[in-house]
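Using the sequences plus the hints, can you model the full thing?
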Amino acid sequence: MEGLTEREREVLTALADGEDNSTVARALRLSPATIRTYVSRLLAKLGAGSRAQLVAIAHRNGLTGMRKTDVDIAAVGSGPPD
1133 MEGLTERERE VLTALADGED NSTVARALRL SPATIRTYVS RLLAKLGAGS RAQLVAIAHR
1193 NGLTGMRKTD VDIAAVGSGP PD
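Residue numbers in the sequence shown follow my numbering, run continuously in steps of one, and reach 1214 at the last position.
The set of hints was computed from the structure by calculation and includes no laboratory data.
Here a beta-carbon is modelled for each residue, glycine too, at the ideal position from N, C-alpha and C.
Treat the hints with caution; some may be incorrect.
Said to hold, decoys possible - Restraint-style ranges between C-beta atoms, simulated for each label pair:
1) G1135 - G1181: 15 to 23 Å
2) G1181 - M1133: 12 to 20 Å
3) R1192 - S1163: 24 to 32 Å
4) G1194 - R1139: 17 to 25 Å
If you want it as structure tokens, here you go:
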């Protein structure tokens, strides 16, 4: 996982948690196109051939479980926080 930026780690963790690009984009306040770019970069950096392989790599390296970002990904679309 060395060589990944903090943002790449956030995106990878969200992917490992099953989030789609649109949800990750909203949570990180980025465009879906930017998330697609991050996914492409992650594929290249980690030598993965698919999104599924990225998820497997993330799981093997302990990058799972909701990480706190500016907006909790689980809360996107569920209304204002309590």
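The hints, checked one at a time:
| no. | hint | in the structure |
| --- | --- | --- |
| 1 | G1135 - G1181: 15 to 23 Å | holds (18 Å) |
| 2 | G1181 - M1133: 12 to 20 Å | holds (18 Å) |
| 3 | R1192 - S1163: 24 to 32 Å | holds (29 Å) |
| 4 | G1194 - R1139: 17 to 25 Å | holds (18 Å) |
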